[in-house]
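Q: Top to bottom, those sequences are chains E and S. Under our numbering, the first sequence has 44 at position 44, and the numbering climbs by one with no breaks. Under our numbering, the second sequence has 78 at position 78, and the numbering climbs by one with no breaks.
No wet-lab data here; the hints were simulated from the structure. Positions of the beta carbon are idealized from the N, C-alpha and C atoms, including for glycine. Keep in mind that a hint or two might mislead.
Short derived list, chain S residues pointing at chain E, Cβ under 7 Å [unchecked claim]:
1) Glu43
2) Gly84
3) Phe85
4) Leu91
Think about it this way: if two alpha-carbon atoms lie no more than 27 Å apart in a straight line, the pair counts; the simulated DSS-like pairs of lysine-lysine are [unchecked claim]:
5) S/Lys46 with E/Lys33
6) S/Lys78 with E/Lys212
7) E/Lys114 with S/Lys60
8) E/Lys33 with S/Lys71
9) E/Lys40 with S/Lys60
10) S/Lys16 with S/Lys55
11) S/Lys60 with E/Lys31
12) S/Lys16 with E/Lys31
13) S/Lys55 with E/Lys45
14) S/Lys16 with E/Lys215
15) S/Lys16 with E/Lys167
16) S/Lys60 with E/Lys109
17) E/Lys167 with S/Lys78
18) S/Lys16 with E/Lys109
19) E/Lys31 with E/Lys109
20) E/Lys212 with E/Lys45
21) S/Lys71 with S/Lys60
22) E/Lys40 with S/Lys16
Chain by chain, the residues:
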Amino acid sequence: MPMPPMEPMMIVSEILFTILSVIFCFLIYRKTKESYELTKYAGIKYFRESFLFFGLSYVLRFLLGLTFISSIAFDVFLPRGHFFLLFALPLSYFSTMGIFYLLFGTIWKRFDGKKMIIIGHTIAVLMCLVPVFTRSHALLSILQFALLIAAVVLSYTTHQGKLSKMKLLYVLVAVLWLINLFLLGKPHPMFLEAQLVLEVISLGVFYTIYYKLAKWVA
Amino acid sequence: MIKKRDRLEVIFDILKVISENYNSIKPTPLLRQSNLSSSSFAEYYKDLLAKDLVKELVDKHGRKYITLTDKGFHYLEKYRQILGFINEFEL
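Work out the full structure, taking the sequences as your base and the hints as a guide.
A: This is the structure we're talking about:
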């Protein structure tokens, strides 16, 4: 089936969204640098590094998307087989670690930190095998969604059945990442409005976290 | 095992005691005013030295004094903000 024409608006919104998301992620990472350096507090370390991982993931997601749409949108052919793995491997690793570190930030006091990190890295490396064998980022987002559900259940049980507003915000960061990843490379115009809404919500969540952070950390 | 939230508070208290003593206090009064056991104090003190929050000075009579470093003063200033951030973000 021939691919539908690419909406220029989709490309513009995708570029703007990526730039703003990455800026927010790196601002959050940078703004917490001093607090971490002063205290070496593990919770701050996990929190800030999760946003570093998400920032890198959004950059790689954009580059991966570029290989999908290059021939449709710009009439430039990028060999998808080569570029897919180049971007998909680190994307799988960074985004899985981003989800893990958001979780670690909230549960680190109740678990052995070293074991937690080893398990996280091992699962993230295993996740890298998904795009190698399936050549699909969609399956990766489904597996990460399953991982996220397990993370939410673990966090929920660790905190004796309490799920605060802040934890919901963390879940939103991860869920929106997964939807954004899942919809990558689906250039049908029917997705345009959904994509715009999704991007606005995602940026709203990043802004909310940044705003809350800026109240405390100058 | 020492809880991490408490740990930040204890560090703040030790630094505050030093600051309130004109930034110069001997180890024994500091131990007493910190309300910690000797072993806990030794652990925290080692940590403070390692993090470069305090330093030891020895006067001409060989008496040891503990003072805050610039980083220690900075920690005192920033502590409430950092604690607010940790609480709000449930870290």
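Q: Now, for every hint given, state plainly whether the structure supports it.
A: To see whether the hints hold, each was checked on the structure:
With its C-beta approaching chain E no nearer than about 15 Å, S/Glu43 sits outside the 7 Å limit, and its interface hint is violated. Taking 7 Å as the C-beta contact cut-off toward chain E, the hint placing S/Gly84 at the interface holds, the least distance being around 5 Å. For S/Phe85, the suggested interface contact is upheld, since its CB lies about 4 Å from the closest CB of chain E, less than 7 Å. The closest approach between the C-beta of S/Leu91 and any C-beta of chain E is roughly 3 Å, which is under the 7 Å cut-off, so the hint is satisfied.
Annotation: proposed proximity of S/Lys46 to E/Lys33 holds, straight-line Cα distance about 23 Å (limit 27 Å). Proximity of S/Lys78 to E/Lys212 is assessed by CA-CA distance (about 17 Å); at most 27 Å being required, the pair is judged to hold. Between E/Lys114 and S/Lys60, the direct Cα distance comes to roughly 45 Å. Violation of the 27 Å bound is thereby established for this hinted pair. A distance of roughly 14 Å separates the Cα atoms of E/Lys33 and S/Lys71; the hinted pair therefore holds under the 27 Å criterion.
For the suggested pair E/Lys40 and S/Lys60, the alpha carbons sit about 35 Å apart, so the restraint of at most 27 Å is broken. A hinted pair counts as satisfied when its Cα atoms are at most 27 Å apart, and S/Lys16 with S/Lys55 qualifies at roughly 14 Å. Pair hint S/Lys60 plus E/Lys31 does not hold up; C-alpha atoms about 43 Å apart against a cutoff of 27 Å. A C-alpha spacing of about 25 Å is found between S/Lys16 and E/Lys31, which places the hinted pair at or below 27 Å, so the restraint holds.
About 25 Å separates the Cα atoms of S/Lys55 and E/Lys45, which keeps this hinted pair within 27 Å; it holds. Proposed proximity of S/Lys16 and E/Lys215 is supported: the alpha carbons are some 24 Å apart, at most 27 Å. Distance check on the hinted pair: S/Lys16 and E/Lys167 sit about 33 Å apart at the alpha-carbon level, beyond 27 Å; violated. With a C-alpha separation of about 45 Å, the suggested pairing of S/Lys60 with E/Lys109 is violated against the 27 Å cut-off.
With a CA separation close to 25 Å, the supplied pair E/Lys167 and S/Lys78 stays within the 27 Å bound. With a CA separation close to 26 Å, the supplied pair S/Lys16 and E/Lys109 stays within the 27 Å bound. Restraint check for E/Lys31 and E/Lys109: the C-alpha separation of about 23 Å stays at or below 27 Å, so the hint holds. Simply put, E/Lys212 and E/Lys45 have alpha-carbon atoms about 17 Å apart, close enough for the 27 Å limit, and the pair holds.
Pair hint S/Lys71 plus S/Lys60 holds up; C-alpha atoms about 26 Å apart against a cutoff of 27 Å. In summary, the hint linking E/Lys40 to S/Lys16 is supported, as the alpha carbons are separated by about 19 Å, within the 27 Å threshold.
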